[in-house]
Structure formats: structure tokens, C-alpha cells
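Make the full structure from the sequences, and use the hints.
Chains as they are written, first to last, in this note's numbering: chain B, 1 to 348; chain U, 1 to 250.
The hints are simulated quantities; they were obtained by calculation from the structure and are not laboratory data. Note that the coordinates shown come from a computational prediction; the quantities given were computed from them, not determined experimentally. Every residue gets a Cβ at the ideal spot worked out from N, C-alpha and C, and that includes glycine. Do not rely on the hints blindly, as some may be mistaken.
Cross-link-like lysine-lysine pairs, in silico, BS3-like; alpha carbons within 25 Å at most [claimed, not checked]:
1) B:Lys-216 / U:Lys-117
2) U:Lys-195 / U:Lys-117
3) U:Lys-166 / U:Lys-195
4) U:Lys-117 / B:Lys-26
5) B:Lys-319 / B:Lys-216
6) B:Lys-26 / B:Lys-319
Computed beta-carbon distance windows for the label pairs [as the list claims (entries may be wrong)]:
7) U:Arg-121 / B:Trp-340: 26 to 36 Å
8) U:Gly-16 / B:Gly-323: 43 to 53 Å
9) U:Ala-131 / B:Trp-276: 23 to 33 Å
10) B:Leu-136 / U:Ser-61: 33 to 43 Å
11) U:Ser-150 / B:Leu-136: 41 to 51 Å
12) U:Thr-59 / B:Tyr-149: 26 to 36 Å
Take a look at the letters that make up each chain.
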Amino acid sequence: MNKPDTPTLAPQPGLPTPAASWHDRKGLVQIGLLALLLLAPLAAHLLGHVYYVNLASRVTLVAMAAVGLNLAIGYGGMVSFGHAAYFGLGGYVAGISAYHAFDFTPVIAWPIAIPGSDSMLAIWLAALVLCGLLALVIGAISLRTTGVYFIMITLAFAQMMYYFANSWPTYGGEDGLPIYLRNSLPWVDTNDALTFFLICFAGLVLSLALTSRIMKSRFGAALTMARLNDTRLATAGIAPYPVRLVAFVISAMITGLAGALYADLNGFVSPTMLSWHMSGELMVIVILGGVGRLYGPLAGAILFVMMETLLGGLTEYWKLFLGLVLLFVVLFAKHGVMGWLAGRERHE
Amino acid sequence: MSDVVLSLAHLNKRFGALQATRDVSLDLRPGEIHALIGPNGAGKSTLIGQIAGSLRPDTGSIVLAGQEITSLSVAQRARLGLGRSFQISSLAEPLSVKRNVMIAVQALQGHSFRFWKPVHRDESLLAPAMAALERMALAHRADTAVAELSHGERRQVEVACALALKPRVLLLDEPMAGLGPEGSARLTELLEALKREVPILLIEHDMDAVFRLADRISVLVDGAVIAHGDSATIRANPQVREAYLGETTC
Ligand SMILES: Nc1ncnc2c1ncn2[C@@H]1O[C@H](COP(=O)(O)OP(=O)(O)O)[C@@H](O)[C@H]1O
Ligand SMILES: [Mg+2]
Numbered sequence: 001m002n003k004p005d006t007p008t009l010a011p012q013p014g015l016p017t018p019a020a021s022w023h024d025r026k027g028l029v030q031i032g033l034l035a036l037l038l039l040a041p042l043a044a045h046l047l048g049h050v051y052y053v054n055l056a057s058r059v060t061l062v063a064m065a066a067v068g069l070n071l072a073i074g075y076g077g078m079v080s081f082g083h084a085a086y087f088g089l090g091g092y093v094a095g096i097s098a099y100h101a102f103d104f105t106p107v108i109a110w111p112i113a114i115p116g117s118d119s120m121l122a123i124w125l126a127a128l129v130l131c132g133l134l135a136l137v138i139g140a141i142s143l144r145t146t147g148v149y150f151i152m153i154t155l156a157f158a159q160m161m162y163y164f165a166n167s168w169p170t171y172g173g174e175d176g177l178p179i180y181l182r183n184s185l186p187w188v189d190t191n192d193a194l195t196f197f198l199i200c201f202a203g204l205v206l207s208l209a210l211t212s213r214i215m216k217s218r219f220g221a222a223l224t225m226a227r228l229n230d231t232r233l234a235t236a237g238i239a240p241y242p243v244r245l246v247a248f249v250i251s252a253m254i255t256g257l258a259g260a261l262y263a264d265l266n267g268f269v270s271p272t273m274l275s276w277h278m279s280g281e282l283m284v285i286v287i288l289g290g291v292g293r294l295y296g297p298l299a300g301a302i303l304f305v306m307m308e309t310l311l312g313g314l315t316e317y318w319k320l321f322l323g324l325v326l327l328f329v330v331l332f333a334k335h336g337v338m339g340w341l342a343g344r345e346r347h348e
Numbered sequence: 001m002s003d004v005v006l007s008l009a010h011l012n013k014r015f016g017a018l019q020a021t022r023d024v025s026l027d028l029r030p031g032e033i034h035a036l037i038g039p040n041g042a043g044k045s046t047l048i049g050q051i052a053g054s055l056r057p058d059t060g061s062i063v064l065a066g067q068e069i070t071s072l073s074v075a076q077r078a079r080l081g082l083g084r085s086f087q088i089s090s091l092a093e094p095l096s097v098k099r100n101v102m103i104a105v106q107a108l109q110g111h112s113f114r115f116w117k118p119v120h121r122d123e124s125l126l127a128p129a130m131a132a133l134e135r136m137a138l139a140h141r142a143d144t145a146v147a148e149l150s151h152g153e154r155r156q157v158e159v160a161c162a163l164a165l166k167p168r169v170l171l172l173d174e175p176m177a178g179l180g181p182e183g184s185a186r187l188t189e190l191l192e193a194l195k196r197e198v199p200i201l202l203i204e205h206d207m208d209a210v211f212r213l214a215d216r217i218s219v220l221v222d223g224a225v226i227a228h229g230d231s232a233t234i235r236a237n238p239q240v241r242e243a244y245l246g247e248t249t250c
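This is the structure we're talking about:
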């Protein structure tokens, strides 16, 4: 029997424990991933390969979108199969705003006139607000369900957005909407591939830092408890529903911001960004990287885009191989690339 | 009635054809332990569920400190001062004992929508959590994951979580189960000291503990209260001896 008067059994603070060295390994892997993501496009830029700089931007943005999704799935236990709705909405905010700025026509004329803008800052703000509001509505309804129903209802909402965008001719319908001139920021040239990459990189780092910080806070503690045991949370006196809803909204805002940048990267936004394939891709990235691991989305995005680029160049059936890798991860490496590289996550 | 902290009036609950609670009325007064005994399947846990809010009674009302709480959610009732431990412990297994108790402290302080300050060095959360654990003689397990605890220890963590809420009423569903004689004795002592602060509605199978602790006992059989009174009355009741005590004591 453990008696309370045996304090020697308690872990000694300050001594190097296995947990501490594990922590170092995780830190090294995280820094390594960020360094890889930062140095590869720098090298490509020096060698004059703009294509690879843009590819790094693509990795960065899908990683950022997946960071948002990971907050819902990994940290909140809310398996959203509809995050393309926010990714795409962010993209359309960038596209539509640029379209009207180009045309000098208002986005909305009534009840108040809202002009288009080619300012990224204005676009990001609008994307954050609109994605937040959309997630508030979708989340408020979807979070009344759990499990498979939640998956299906989030998918259904995203599909509604998809069909709506497809059938709305003003903004290109199924052909999509080009962004002729990349939206702008004060003092920097967003048309420069490396500059644009650095903007994306900053966005990713910020969303990682934000997620990390949030998950260490009281809100994060409540969200973790909502995922692990919502009965315990309610028994303590904290209603799980609003905690989940707020996390869902933050998650959607991160994904939406990534979407706005993604449209600017491609100079184009189309209903594809809203399609269930997109939702699935983000989910695959989260699972590949390691569900609920802070850097999982980055590891997953690097692996995903590399497979897409390398195998996609060899065969159009590359998704078959992606499927095999995914199957392997789900069956044998449940903690994803991060679990494999950095060891299993431990809770305090 | 100011001398009643919790009162149940004419509760009824059906699961399909099974009447799990039959017209149950009982109350809990300050400073007392009210024990609820009865054979397995009598409906004791179902009754606790209705008080705590995880089950809704079909009819009847529940009043906590003068406030009708029958239609409130689990979380709302907890905030009004209902602390509960489960028969089958319900904790976050991967998290440390400390973290499980800290969430209760956090709930008590009412600040869960704070996104910035890290909790792991937040003394205002840690200190009360450790105090609750110390009371349960579990402080030395604070950093252990719940998954590594014995069943008995998990029960104690649940009681610590409930204590950390500074509840007005404690509902404890078989807290001694799985503790072993030493642990039971310690918990009995603790509850005896505790009842002066918080009245306790106690479900327990350990009859020694019940007779030692309880100021009043209600006997539940087939969902209905068949006897009610102090230890001596219950011991002497022939109906009780037949329905319950006869089966469990030797
Ligand atoms: N959610 C439920 N659905 C259907 N029947 C239930 C449910 N919960 C409990 N019961 C039944 O109600 C009766 C009382 O159960 P319970 O309250 O757990 O008894 P006790 O705690 O006294 O052992 C049992 O017959 C049990 O099978
Ligand atoms: Mg029971």
C-alpha cells in the first residue's frame, strides 16, 4: 500500500528524467521541421527555382489550415469533415475582395456600401470574422450531435457551401475566380515569391504559437477535459458545449486565414477549395502527422505535398500510394509522423 | 425550511418497463450524513444521477438550498454546490491526478475562458487542488496519471475533485468500494470529520462504515424507500433485515 508518508516516491524536480530527454527530442524535431521548411525555399530562391519557393508556400498554407483543423480534431475531439468550408470561404474573401477592388465596384451596396480591397490586412480581417461567424453557426448546430452524426453534418454544411459557390455565376461559378493581381501589404512586395513565402511562414508560426499557448491555458485545460471526459468537466461545473464551440470557431478562423493566403498564392479561387476532397485532404494531413500533436500538421503537410509532387509526377494514381501510407499510419503508427519522430505525447 | 439543504419530493423515474425510482422523497440536513442503502439494482445510483442532473426524473422535484434545480444541467447544479463521486469512477485517465482536481478548482473560480496564462504553474489552481488531495491522503500521487491508479485510489481522486468544488452537498456513490480495510477506515474517519462542513448523501455497501457514520439511513428496495430512521431503527426493522441486511451481513 502506498502510504502518504513516503515522499521519496514523488518525482524529484530538476533531475534529468526520461521525460526530460524525450522533451528535448520533441523540441529538436519541431525546430528541425521549421528549419527544413524555412531553409528549403531559401535555397531554392538562391538557386533561382521559383517553383520550389511556391511549393514551400503551398506546404506552409496547407499545414496552417491543418493546424486549425487539428485544434478541432486533435485537441477538441471534434472530427470535422467540413473544414473546407472555412478554407474556401477564406479563399473567396480574398478573391471577391480583389475582384471588386479591380473593378472599383462595391462588394455590397446595401444597407451599407462595402468596397472591395486589395489590402491583405483588410482581407485577413474579413476572412477571420466571416469564418468565425460561419463556424459559430455551423458549430452551434453540429455540436448538438456527436460521433458519426457530427462528421456527417459538418460535411453537409461544407457541401452546401460548395454547391452554392458552384451555382453562383457572379463569382465564376464552377470555373472559379481569378485574382489578377496578388493582394498587397504595406512596405513589402507580395509578388516576390520568397516574400510571400515568409508571410505564409509567419502565419504558420503564429498559428502554432497560438495553439500551443491556448492549449496550456485554462481554456485549453477545459477543452482537453471536454475531449477526454466531458462528464468530468460537467461534474466540475463547466458546461462542455460552449468550450467546444469556442474552440471550433478558433479552429475555423485559423483554417480560413490559411485559405485567404492560399487563394493569393494560386492567384485563383474556385469551388475546389470548398469541396469535400479538400476537407479530406486536411484530415489526411492531420492523421499522417499525428492527431493532437502540435507539429503534426506540419509534418503531415510536408509528407503529403512531397508525395503529391514526387509520386504525382510519376503516376496519376499517386493517391493509391497515399492511401497505402495512410493505412499504414492508421494501423501501425497511430501517433503519426510526429509519434514516430518525437515519441509519444505525454500528458502532464 | 432552512434546516434542509437538499430535498427530493416524489421523484419517479422509469426505464421502459422498469420503475427505477418510485415516489422517493428524502432530504439532507446540515451537518449530517444520510446513508442510502439497498441491494444491487435498487436504484441508488439512478437516484444520485437524478440529483446530480445526468438523469431527468419523470416527475417530482429537487430543491437545493431553497432553489428548485430539477430542470438544471449537470454543470449548473455543480456550480450551485452539488459535488458528486461516481460509482464507476469518471476521470480523465491520461491526465495526472493533479490535473483532474485542478479542473474542479478552475470551475469553482469560474474562469475557463482564459486563453493566455499557462495553468501548469498557476498557484491559484495548484494550491487548492493539492489541499484537496492532501485531505484524501493522495498528495503523493499528484503527478501520477489516473490510468496508473488502483480502483480505490480513483474513487478517492473523485472525492478530492468533489471537495475542490467546495460543495454545499456531497453525493458519494460507494466511495469505499475497492479501498481495502485500511483505506476504508481512513475514509470513514475523513467523512466523519467532513460532515460538519458538508452534509453527505452516502451510498455505501460497507455496513460497518454506514452504521458508524450515518445519522440517518434510508433503505431503497425496487426503487422505493421502504424504511427510514437512525441506525438503531434500521437495524431493528424486520423488513430491512429480510430485504437487505440478511443478504449482506453474516
Ligand atoms: N440508463 C439505464 N437504462 C435502463 N436501465 C437502467 C439504466 N440505469 C440503470 N438501469 C436499471 O435501473 C435499476 C437500478 O440501477 P442502479 O440505480 O444502478 O442500482 P443501484 O445503484 O442501486 O445498484 C437496475 O435494474 C438497472 O439495470
Ligand atoms: Mg449503484
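Taking the hints in turn, this is what the structure says about them:
1. B:Lys-216 / U:Lys-117: Holds: Lys-216 of chain B and Lys-117 of chain U sit about 8 Å apart, inside 25 Å.
2. U:Lys-195 / U:Lys-117: violated, 36 Å
3. U:Lys-166 / U:Lys-195: holds, 13 Å
4. U:Lys-117 / B:Lys-26: Within the cut-off at roughly 23 Å; holds.
5. B:Lys-319 / B:Lys-216: Not satisfied, since the Cα-Cα distance of roughly 36 Å exceeds 25 Å.
6. B:Lys-26 / B:Lys-319: Since the Cα atoms of Lys-26 of chain B and Lys-319 of chain B sit roughly 30 Å apart, the hinted pair is violated (cutoff 25 Å).
7. U:Arg-121 / B:Trp-340: 26 to 36 Å: holds, 31 Å
8. U:Gly-16 / B:Gly-323: 43 to 53 Å: Given range 43 to 53 Å: holds, Cβ gap about 45 Å.
9. U:Ala-131 / B:Trp-276: 23 to 33 Å: Violated: the Cβ-Cβ distance is about 51 Å, outside 23 to 33 Å.
10. B:Leu-136 / U:Ser-61: 33 to 43 Å: holds, 35 Å
11. U:Ser-150 / B:Leu-136: 41 to 51 Å: holds, 44 Å
12. U:Thr-59 / B:Tyr-149: 26 to 36 Å: Hint holds: Cβ distance 31 Å, inside 26 to 36 Å.
In terms of the numbered hints stated before, the structure departs from hints 2, 5, 6, 9, listed from lowest to highest.
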